[in-house]
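Numbering of the sequence shown is given in the numbering used here, commencing with residue 1 and proceeding in unit increments.
Please note that a few of the clues may not be correct.
To be verified - Distance condition first, Cα-Cα at most 27 Å in a straight line; then the derived DSSO-like pairs of lysine-lysine:
#1 Lys-246 x Lys-259
#2 Lys-259 x Lys-9
#3 Lys-259 x Lys-26
#4 Lys-157 x Lys-219
#5 Lys-157 x Lys-212
#6 Lys-279 x Lys-246
#7 Lys-260 x Lys-279
#8 Lys-270 x Lys-160
#9 Lys-151 x Lys-141
#10 Lys-141 x Lys-279
#11 Lys-30 x Lys-174
#12 Lys-26 x Lys-212
#13 Lys-121 x Lys-259
#14 Lys-163 x Lys-30
#15 Lys-26 x Lys-174
#16 Lys-270 x Lys-157
#17 Lys-246 x Lys-212
#18 Lys-219 x Lys-246
Claimed, not checked - With beta-carbon atoms standing in for the labels, derived distance ranges:
#19 Ala-48 x Val-83: 51 to 61 Å
#20 Thr-276 x Glu-20: 25 to 35 Å
#21 Gln-63 x Gln-27: 31 to 41 Å
#22 Ile-188 x Gln-27: 39 to 49 Å
#23 Gln-184 x Glu-130: 31 to 41 Å
#24 Ala-48 x Lys-246: 16 to 26 Å
#25 Tyr-267 x Gln-184: 42 to 52 Å
What the hints contain is simulated information worked out from the structure, not anything from laboratory work. For each residue, glycine too, the CB sits at the ideal point set by N, CA and C.
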Amino acid sequence: MIRETFSDKYNEEVRIVIRELFNICKQTMKHPGDLLVCQQNGFIGLGAPSLGIGITGLNYMQQLNQIVYPGIGKTTNNNECFVNSRSIFFNGTTDFEQSIEEEMHRYHLIWENGYFLKTLKEISHLLNGENYDWELDIDSKTRATRSNYIKDAIITKFSKAPKFQNLLEETYNKDLRNAIAHTQYRLIQGGIVLTSIKDNNHQPFYGITFEKWEEIYSKAWFLLRYIFSGLNDIMELYYVPLAKEKISGGIPILIPNGKKWSETYVYYFKRGNRWTFHK
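Start from the sequences, fold in the hints, and give me the full structure.
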């Protein structure tokens, strides 16, 4: 259950942080077309640079839509709902429990979504003035352990955008993610106990309040939403008008050319809202 007052608060906080992230990327990215490549999901297809959803997108887009399109979840204007929940007998059938379960399912999907993780990783390259990684295969990179990759290969790479890095650290909780994935948790009056974590007497001891869960989940959901909508806004509000101003109608981007890099042009087609290498 998400309290509307707090949802609005977290929405604005996350939106501002991600806007700042993209503003920094505009200053640090290696080539002025890199954010467009990132938004268009550049990848190597049939041995050549390609733009579009690609295999990664095909594998994860349905899951992504399941997270975003239904909205953040059940909301309430009752700011005392978590206090009131302390008088509920939790047996798995109450509306309150089911709303938390739906949120937990979406939270797990957010951090399992390879398309989202690939996008974050590519943004980290832009932030650090590195080339966009056209050959990034997120599934092979995270096959051994997705948790370590998120922490070591993604979160640590955002030190040049400290507010965004803090947001990632706030929203990604390895223990919480693992407990949800393996159904090693239970709801109690006041919060969530993770039974995957044991103390020296082999009793579960780690938990979070519903208020803290609301913050973690809400920020994670808005993070996912604004990463993609922010990139889309940059494409529509900057690159599309820029293309219309140019005589050729093309936007220059960098593509891999063997062991080197070369500049080529991509062209916008309003029909299908797409970019191609040919006019």
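Verification of the supplied hints:
1. Lys-246 x Lys-259: Judged against 27 Å, a Cα distance of about 30 Å means the pair is violated.
2. Lys-259 x Lys-9: Violated, at roughly 47 Å.
3. Lys-259 x Lys-26: 25 Å, holds
4. Lys-157 x Lys-219: 20 Å, holds
5. Lys-157 x Lys-212: Holds, because 26 Å separates the two Cα atoms, which is no more than 27 Å.
6. Lys-279 x Lys-246: Given that 27 Å is the threshold and the Cα spacing comes to 13 Å, the pair holds.
7. Lys-260 x Lys-279: The given pair, whose Cα atoms are some 25 Å apart, holds under the 27 Å limit.
8. Lys-270 x Lys-160: 35 Å, violated
9. Lys-151 x Lys-141: 13 Å, holds
10. Lys-141 x Lys-279: Since the Cα atoms of Lys-141 and Lys-279 sit roughly 35 Å apart, the hinted pair is violated (cutoff 27 Å).
11. Lys-30 x Lys-174: Not OK: Lys-30 and Lys-174 at ~32 Å, beyond 27 Å, violated.
12. Lys-26 x Lys-212: 33 Å, violated
13. Lys-121 x Lys-259: 21 Å, holds
14. Lys-163 x Lys-30: OK: Lys-163 and Lys-30 at ~22 Å, within 27 Å.
15. Lys-26 x Lys-174: 31 Å, violated
16. Lys-270 x Lys-157: 35 Å, violated
17. Lys-246 x Lys-212: 50 Å, violated
18. Lys-219 x Lys-246: 39 Å, violated
19. Ala-48 x Val-83: 51 to 61 Å: 59 Å, holds
20. Thr-276 x Glu-20: 25 to 35 Å: 32 Å, holds
21. Gln-63 x Gln-27: 31 to 41 Å: At roughly 33 Å between Cβ atoms, Gln-27 and Gln-63 fall inside 31 to 41 Å, so the hint holds.
22. Ile-188 x Gln-27: 39 to 49 Å: Given range 39 to 49 Å: holds, Cβ gap about 47 Å.
23. Gln-184 x Glu-130: 31 to 41 Å: 38 Å, holds
24. Ala-48 x Lys-246: 16 to 26 Å: 24 Å, holds
25. Tyr-267 x Gln-184: 42 to 52 Å: With Cβ atoms ~51 Å apart, the hint holds.
Comparing the model with each numbered hint stated earlier shows that hints 1, 2, 8, 10, 11, 12, 15, 16, 17, 18 do not hold.
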